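Enquirer: Line by line, the protein sequences give chains U and D.
Residue 270 in this note's numbering sits at position 270 of the first sequence, with consecutive numbering throughout.
Residue 1105 in this note's numbering sits at position 105 of the second sequence, with consecutive numbering throughout.
Hints listed in this document are in silico derivations from the structure and should not be mistaken for laboratory results.
Remember, it's a predicted structure, so these values are computed and weren't measured experimentally.
Note that CB positions come from ideal geometry on N, CA and C, so glycine has one too.
Any given hint might turn out to be false.
Derived CB-CB ranges, DEER-like [unchecked claim]:
#: 1; chain 1: D; residue 1: A1510; chain 2: U; residue 2: E319; range: 24 to 32 Å
#: 2; chain 1: D; residue 1: P1322; chain 2: U; residue 2: D110; range: 49 to 57 Å
#: 3; chain 1: D; residue 1: V1568; chain 2: U; residue 2: L356; range: 53 to 61 Å
#: 4; chain 1: U; residue 1: E319; chain 2: D; residue 2: E1216; range: 39 to 47 Å
#: 5; chain 1: U; residue 1: K570; chain 2: D; residue 2: P1109; range: 22 to 30 Å
Protein chains: 2
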Amino acid sequence: MRNRTFGLASLSGIAAVGIICFGVTAVQAQQPATPKPADLQKHKTTPGGQYSPSLDVLGEKPAEQPGTRPGDPQLTKAEFDRASRIYFERCAGCHGVLRKGATGKPLTPDLTKKLGFEYLRDFITYGSPGGMPNWGSSGELQQVDVELMARYLLNEPAAPPEFGMKEMKETWKVIVPVAQRPTRKMNKLDIDNLFAVTLRDAGEVALIDGNTKKIELILKTGYAVHISRMSASGRYLYTVGRDAKLNLVDLWMDPPQTVAELKVGTEARSVETSKFKGFEDKYAIAGLYWPPQFVLMDGATLEPIKVVSTRGMTYDTQEYHPEPRVASILASHYNPEFVVNVKETGQILVVNYKDLDNLKVTSIAAERFLHDGGFDKSGRYFLVAANARHRIAIVDTKESKLVGVVDSGGQTPHPGRGANLTHPKFGPVWATSHLGDETISFIGTDPEKNKQNAWKVVQKVEGQGGGSLFIKTHPKSENLYVDTPLNPDAEISASVAVFKIKDLANEKPAYKVLPIGQWSGISEGARRVVQGEFNKDGTEIWFSVWNNKAQDSAIVVVDDKTLQLKAVIKDRRLVTPTGKFNVYNTRNDVY
Amino acid sequence: MRNRTFGLASLSGIAAVGIICFGVTAVQAQQPATPKPADLQKHKTTPGGQYSPSLDVLGEKPAEQPGTRPGDPQLTKAEFDRASRIYFERCAGCHGVLRKGATGKPLTPDLTKKLGFEYLRDFITYGSPGGMPNWGSSGELQQVDVELMARYLLNEPAAPPEFGMKEMKETWKVIVPVAQRPTRKMNKLDIDNLFAVTLRDAGEVALIDGNTKKIELILKTGYAVHISRMSASGRYLYTVGRDAKLNLVDLWMDPPQTVAELKVGTEARSVETSKFKGFEDKYAIAGLYWPPQFVLMDGATLEPIKVVSTRGMTYDTQEYHPEPRVASILASHYNPEFVVNVKETGQILVVNYKDLDNLKVTSIAAERFLHDGGFDKSGRYFLVAANARHRIAIVDTKESKLVGVVDSGGQTPHPGRGANLTHPKFGPVWATSHLGDETISFIGTDPEKNKQNAWKVVQKVEGQGGGSLFIKTHPKSENLYVDTPLNPDAEISASVAVFKIKDLANEKPAYKVLPIGQWSGISEGARRVVQGEFNKDGTEIWFSVWNNKAQDSAIVVVDDKTLQLKAVIKDRRLVTPTGKFNVYNTRNDVY
Chain U
1 MRNRTFGLAS
11 LSGIAAVGII
21 CFGVTAVQAQ
31 QPATPKPADL
41 QKHKTTPGGQ
51 YSPSLDVLGE
61 KPAEQPGTRP
71 GDPQLTKAEF
81 DRASRIYFER
91 CAGCHGVLRK
101 GATGKPLTPD
111 LTKKLGFEYL
121 RDFITYGSPG
131 GMPNWGSSGE
141 LQQVDVELMA
151 RYLLNEPAAP
161 PEFGMKEMKE
171 TWKVIVPVAQ
181 RPTRKMNKLD
191 IDNLFAVTLR
201 DAGEVALIDG
211 NTKKIELILK
221 TGYAVHISRM
231 SASGRYLYTV
241 GRDAKLNLVD
251 LWMDPPQTVA
261 ELKVGTEARS
271 VETSKFKGFE
281 DKYAIAGLYW
291 PPQFVLMDGA
301 TLEPIKVVST
311 RGMTYDTQEY
321 HPEPRVASIL
331 ASHYNPEFVV
341 NVKETGQILV
351 VNYKDLDNLK
361 VTSIAAERFL
371 HDGGFDKSGR
381 YFLVAANARH
391 RIAIVDTKES
401 KLVGVVDSGG
411 QTPHPGRGAN
421 LTHPKFGPVW
431 ATSHLGDETI
441 SFIGTDPEKN
451 KQNAWKVVQK
461 VEGQGGGSLF
471 IKTHPKSENL
481 YVDTPLNPDA
491 EISASVAVFK
501 IKDLANEKPA
511 YKVLPIGQWS
521 GISEGARRVV
531 QGEFNKDGTE
541 IWFSVWNNKA
551 QDSAIVVVDD
561 KTLQLKAVIK
571 DRRLVTPTGK
581 FNVYNTRNDV
591 Y
Chain D
1001 MRNRTFGLAS
1011 LSGIAAVGII
1021 CFGVTAVQAQ
1031 QPATPKPADL
1041 QKHKTTPGGQ
1051 YSPSLDVLGE
1061 KPAEQPGTRP
1071 GDPQLTKAEF
1081 DRASRIYFER
1091 CAGCHGVLRK
1101 GATGKPLTPD
1111 LTKKLGFEYL
1121 RDFITYGSPG
1131 GMPNWGSSGE
1141 LQQVDVELMA
1151 RYLLNEPAAP
1161 PEFGMKEMKE
1171 TWKVIVPVAQ
1181 RPTRKMNKLD
1191 IDNLFAVTLR
1201 DAGEVALIDG
1211 NTKKIELILK
1221 TGYAVHISRM
1231 SASGRYLYTV
1241 GRDAKLNLVD
1251 LWMDPPQTVA
1261 ELKVGTEARS
1271 VETSKFKGFE
1281 DKYAIAGLYW
1291 PPQFVLMDGA
1301 TLEPIKVVST
1311 RGMTYDTQEY
1321 HPEPRVASIL
1331 ASHYNPEFVV
1341 NVKETGQILV
1351 VNYKDLDNLK
1361 VTSIAAERFL
1371 HDGGFDKSGR
1381 YFLVAANARH
1391 RIAIVDTKES
1401 KLVGVVDSGG
1411 QTPHPGRGAN
1421 LTHPKFGPVW
1431 ATSHLGDETI
1441 SFIGTDPEKN
1451 KQNAWKVVQK
1461 VEGQGGGSLF
1471 IKTHPKSENL
1481 YVDTPLNPDA
1491 EISASVAVFK
1501 IKDLANEKPA
1511 YKVLPIGQWS
1521 GISEGARRVV
1531 QGEFNKDGTE
1541 IWFSVWNNKA
1551 QDSAIVVVDD
1561 KTLQLKAVIK
1571 DRRLVTPTGK
1581 FNVYNTRNDV
1591 Y
């Protein structure tokens, strides 16, 4: 239980490259109000990958530094475009596309001009203990780009473009029309046990056979695929890049192939597919960070059908928010509905897809900073983290209404989809770990047979430390796995804690540490271990051992019964693997 | 049938003062693309009331004229504020608060700078045949203000403020708490036959006894009350000013009194109250032009409960619209729902008020430029004009879905709430007149017993001419009244056409002209006759004879059986009377 209190100082190393989750952004909400540039020098810096911009600067030289209290420093068009690109790739996730602040601080010129050029330059260079990455001293940005960004921030934000039906239609490609697709599975793949693995920095997804551990295929996708989802039948795979590019992959083809593409905006995080009886494979939905909207599409072609803006009022103060971003989305099994979680307003939108011309949306006033979550064991209740508020909102998807909002018991819950298990003392529970501390919380989810425990934190246990992103178990497993990839301690971030579910009967259950990073055989880099994912049968769990793009990464497979190393998947094509999505478990919401 | 083709040239006289409806704005959609200032001089100008700004200009003199192609002419703070005020009062209705254009043209600096100062000045002075009022030559604006506005338009638009829960709560006043209000009617008024009459330019509403024709009370309200609505019980009267000020009047008190006030934004047009069984008098709703939103309130106190933004996508091209204004709202009798018509997006929002924490809104893709409308005879179907699209959208409020959208058969339908009657050949129909031509259209509304006629224009007849705002009948009346207050012909605008319903069996039914203006005994001014409103029993119909603020106005009461003059209500307090709302007919949707 070393480093139980989660120091954020060296979070920046991994936050800098924006691993998987937007959860890390939440941490910044706690950063001190005005750290002084002088203080920043004290913090350790970690070397990171070099930022290699793909933009052509056309040989223009950046203008002179405008000094500490400039007016509006002039940027050339190429500089402005380059800075906008860097801003979008590195800053917008926390500070908002409009720079109005999100979980990071606002960066509008009225504020940045008070801080001045030198302060901004130093802050970008050295970061802050509150979670701001040390872009300069880590080597992620060159000095010239750090200074460019400081000047950029003194200017008015670039007006990000709207992206409506016309723009979407212009990007829409059906590569293989439905009529030309097979009517049955043409390949020999065990689709149900396939893993779709995000290769973050490569802009690719690897399809890995769960039985042979062989990489069957590498698919070109959007940049830094945030998630993959499978259609109800299991035939179609949907991926969404951070750049809002969607790919639809037909897993029946030999080999599987991208059959349609669509760009739905500038920045996105979520995609889902209709699962209600009678609507299997019929619709897809994507949620956007920018523009703030979601899009309903034809499930077989990605043809955009309906665009709905999420701009609107915060649930509590009821003031207008210009940029309410769509976090997770999931498909209800009880109604023909998608559950759309809107971050800044704290509204959960239940979108009924039965009649798109008369579109019914229920806005559930929940809690701000909605992020990620999953169903309870029954599939009826949805539990979602309001991360910067340290709370969990619970929705009854049968009645399409809020059950309640509870404190998670820790700092900045980050459940992924959470973990469902039958607790030896409290019955069915859903578990989450935390980004901000070592707490693992268990919430009762059975209002019928265990009413006294329902929708309460029934137990809190201590894991290795903070910096956890994902917690995982399986109905057939007796173990609960907790990763800690963002923990500042190298040993903790390269290992996983495993609790025996039966041990949860103890007040302070012990856990076993699996040295996954070490098992990978990789000796270089941070070897951050992230996101356990079970195979179809629930007999083994896969972890990504994540390194920078220039370094080796791997996937380590652990035997769930023995907790011994079973296999290491290493391949030069396995660049920066992050999220892994087992087809069967993903489409059936098994977690 | 004189002047059947509606010339718009002198519409400006009345449009300038913005009588009742925003329908007049629709006409501008047809204005020619680039009328030349030189041409404008040809059009007749009519003298109008002097514009008397209440703003203090603090002795500052407007700056020099910036020439025909200026950069950004500098305005002093006081000039900018004064121009913003004039813009809001006179221009925003057509051109949009953000100057992005609505039914009037966009006036953003990129466009206005191409036109230049002189063009703008002349255009504002002389108006256009497309519907732009001749602000200068009519005397409505002094030359110095015309020039101020021309300079103002060359600058970036003022950012209109948001108006959320905090701002609303700051304006909320409960003057008489519920506990201190009477528990039964304390006065001797025949509330059901009371008329609430908007005194537009006075910022007042007169309560007139329908039996004695006596002005019982003058209530201070918002500016230019657009409509009055009565609660389901008939006890409460709600008024909404153009300035988004709401008044709640308790008609049980002796005398009736404003018991609560609330400002819900900067510009508003609509208010309604919950009528579904079990929710009588429980909620009120107001629709805003700016900010683009609607607000649900407690029916007895106006306490704001829920603010909902209407910003979102157009129904057809699905592009984001920043300023979708709320036009009419009505309360369903079949469901606990309000039907909210959003102008620019063409979305009809069905807002279910059963559970405000889990607010269900159905967005019906209908048609752009939704305006005003009313129920069919059964109270189940709602027919609403999409005025600039010359169409009528029909909603089934039982099923909360679109029935269809039909061409109205004329130019720019303006039904008010329309008129329901049993047609001698086609059965139950709903009728609308038009702003843009002389057409009166009848749409079949009985899908059960007259299915072949349902939701079709079954007949079109010719009235006196264009410029009609309201059409009226009553279940007990055998007549159909059509006003033409915006017709350029003085005799037509001062009179009303009456059709015998039984005569509609003829192909070209004749009508009788009632010279209401002449009957009023007023000899000065335009004496525009507007908005027939029946008394409770349906035995008489009231018309406003509308003149400028400085001139005499009146209300003329006509006997429905004999079509003879029954009474003239004249009073020095009866300043610019426009809409009249009979309590019984309004709360029971009798029209």
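Enquirer: Work down the list of hints and note, for each, if the structure agrees.
Expert: Against the structure, the hints come out as follows:
1. D:A1510 <-> U:E319: 24 to 32 Å: Check failed, 58 Å falls outside 24 to 32 Å.
2. D:P1322 <-> U:D110: 49 to 57 Å: For D:P1322 and U:D110 the Cβ distance comes to about 22 Å; the hint is violated.
3. D:V1568 <-> U:L356: 53 to 61 Å: holds, 55 Å
4. U:E319 <-> D:E1216: 39 to 47 Å: holds, 41 Å
5. U:K570 <-> D:P1109: 22 to 30 Å: violated, 60 Å
In this structure, the hints that do not hold are numbers 1, 2 and 5, in rising order.
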